[in-house]
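**Q** So the protein lines, in turn, are chains A and B. Position 153, counted from 1, in the first sequence is what full-length UniProt numbering calls 153; the numbers after and before it change by one each time, with no gaps. Position 122, counted from 1, in the second sequence is what full-length UniProt numbering calls 122; the numbers after and before it change by one each time, with no gaps.
Where hints are given, some of them may not hold.
Claimed, not checked - Which stretches of chain B does chain A cover? Using the computed rule of at least three CB atoms under 8 Å from a CB of chain A, they are:
#1 102-113
#2 135-143
Stated by the list, open to error - Residues of chain A placed beyond 10 Å of chain B at every Cβ, according to the derived structure:
#3 LEU13
#4 GLY54
#5 VAL166
#6 ARG255
#7 GLN291
#8 GLU293
#9 GLY295
#10 VAL373
#11 PRO377
#12 GLU449
#13 MET456
#14 GLU467
Unchecked claim - Facing chain A, according to a computed beta carbon distance under 10 Å, are these residues of chain B, among others:
#15 GLY13
#16 ILE14
#17 TRP40
#18 LEU51
#19 ILE73
#20 SER117
#21 LYS124
#22 ILE129
#23 ALA132
#24 PRO153
#25 PRO155
#26 MET156
#27 PHE157
#28 MET158
In short, the hints are calculated from the structure, not lab data. Beta carbons: idealized from backbone N, C-alpha and C, even for Gly.
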Amino acid sequence: MLEGILIGLQTALSLQNLLVVIGGCLIGTFIGMLPGLGPMSIIAIMIPVAITMGDPSAALILLAGVYYGAIFGGSTSSILLNAPGVAGTVASSFDGYPMAQQGKAGKALTIAAIASFAGGTIGAILLMIFAPMLSTVALLFHSPEYFALMVVGLSAIAAFAGPGQVTKALLMTILGLIMATVGEGALFNMPRFTAGIMDLQSGFGFITLAMAMFALPEAIFLVLKPKNLGDDGGEIKDLRITRAEARAIAPVIGRQSVQGFFIGVLPGAGATIASFLGYAVERNIAPKHEQEEFGKGSIKGLAAPETANNAACTGSFVPLLTLGIPGSGTTAILLGALIALNVTPGPRLMIDEPQIFWAVIMSMFIGNLVLLVLNLPLIPYIAKLLAIPRNFLIPFILFFTLMGAYIGQNNATELLMLVGFGICGIALKFANYPLPPLLIGFILGGMMEDNFSRSMQLYGGVSFVLERPMTLGLLLIAAALIIVPVLRTRLAK
Amino acid sequence: MALDRWIALILLGICIVYGYTAWFTMDAGLAPFMRRNPVWPSSFPKVLSVLGIAASFIILTGLEKSEEKIGEIDHRRLTDYFLGQALLLLSLMVVYALCLRPLGFLFSTSAFLIIGSFILGERKWHVMIPVALIATGSVWYLVQEVLGIFLRPLPMFMGV
């Protein structure tokens, strides 16, 4: 391994590759801030540039830098504008945005930068150690276990909604799952619930729904009840994290780096599930008085998903590099890039082309460091976005909300849907229905149905629940997660 | 009846219509060979409809005890807030969606940003107009020229 690390360092530390990783991180960060352009779109856009570079190591280093930068950029728009551009950063807005509203935008971005750096770096160390071994463990998870894992994830989100809110959160999750069934599914080649409307053939757009449920209601609430977003007048007074805060988030970062990485290794799980599960787990294990702070600007609530999504991004490289199986949409695009560069990922990559394998891992360390070094000094300037007067800022938020949906689908009907869903989101917010579960249900709905259907087909019915002990165990945990808080609330009354 | 229960009632209606489609109409056109499969396109929606109806029912009947909480805005006193501005901005978004293609990106977006600021009470035209024009031009250049995503810049009748 030492030899491999040295080969990787030699490749990654060449002047050309250092410039490539810095450029990739910067491009990823700035484009990732635009709602609607997630890592997948940015990497897809950058592939022609990477291929023209000719050198597979440099090309992969560029794409890895763009990937990390885009995840961090997505977190920035989640925290400052409550407009998550990618599914993996939705959970960062739960506490990041309330922090920004309390005048702690600088601190929130600092925590995000440090947590991302730590998650990515620890993830890369784990990748180095466990990559060969983990590829075989990931193969033990099959469709029934993936389905059960998603049920646990969704139940955990509903269960931790707060006293008296469990059923509302559950209903929102189900509504999200229902919305995910609209359009043509991957397994069934037929349109469902489209009412003959052509624009619904491909289903609802994720970005449209994300903007409608988060950014639009928030902007309209700012119009209804004006408040000064930048309470500190654009001065980022509390950019630094205190020693007590660092002590509070350190264990969260440690736990979520490991958990996020291992979730990322599972093909199909990825940064989204890792960030939601990370948030749910930290909320569950926090002391009671801290649990109430989650969703209102908790630093732990921000550090958890930020660490987990970066660690999971690193983990998702395990099946890609060692088995040639992409674990997410983004790594699928990376696989396409590898093939275009005449590199065949798989068990022999480490043996046949160690300079590529290890250079990518080393570039992850360098990329994370570059992101931290570049972004920390930029935070005061990024956070000044909130000091823009309300009369100018709100039309811009609404414009970027609309653009996010438009760029994603290139369809004006999408904009009308955005406004329609936005009005529904406002009504749900008035009635205190939690909106994140709806979006999470929608994001996981397609994957969940695919795994459910595949399990049913493999086992000829629902017998997979009883025949696979791990599936049964996970489903029992999910049931307990829903029933216990409801019973506890009833008994407390 | 509280707003959350009204919404639960509406969602119950949606779940019933969704369930009716899944249970009774969706499988009508299913090919005979697909009927032998253990899983049909309607299988997952059937499960969801039952769960959705059950959850809506629990909220409607108040089986899960909860107190009515008023969020940051009290919906019963909406007229106390800037409701007119909010409604005008939502209408402006609809108009923007309808005009984006026929009037082109540059004109529609500049107008959206200027009128949006105007609705919110801004009257500094010497700031509003240049800010809107520069922002519109920059975004168009970034999206169209740098990222290569087509955005019709000028009105449709100009053929661009």
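**Q** Each of the hints needs a verdict: does it hold here or not?
**A** Structure-based check of all given hints:
no.	hint	in the structure
1	102-113	holds (count 3)
2	135-143	holds (count 3)
3	LEU13	29 Å, holds
4	GLY54	21 Å, holds
5	VAL166	6 Å, violated
6	ARG255	31 Å, holds
7	GLN291	17 Å, holds
8	GLU293	17 Å, holds
9	GLY295	12 Å, holds
10	VAL373	25 Å, holds
11	PRO377	23 Å, holds
12	GLU449	5 Å, violated
13	MET456	4 Å, violated
14	GLU467	14 Å, holds
15	GLY13	12 Å, violated
16	ILE14	8 Å, holds
17	TRP40	8 Å, holds
18	LEU51	5 Å, holds
19	ILE73	6 Å, holds
20	SER117	5 Å, holds
21	LYS124	9 Å, holds
22	ILE129	12 Å, violated
23	ALA132	8 Å, holds
24	PRO153	14 Å, violated
25	PRO155	14 Å, violated
26	MET156	12 Å, violated
27	PHE157	17 Å, violated
28	MET158	18 Å, violated
The structure is inconsistent with the numbered hints 5, 12, 13, 15, 22, 24, 25, 26, 27 and 28, although it conforms to all the rest.
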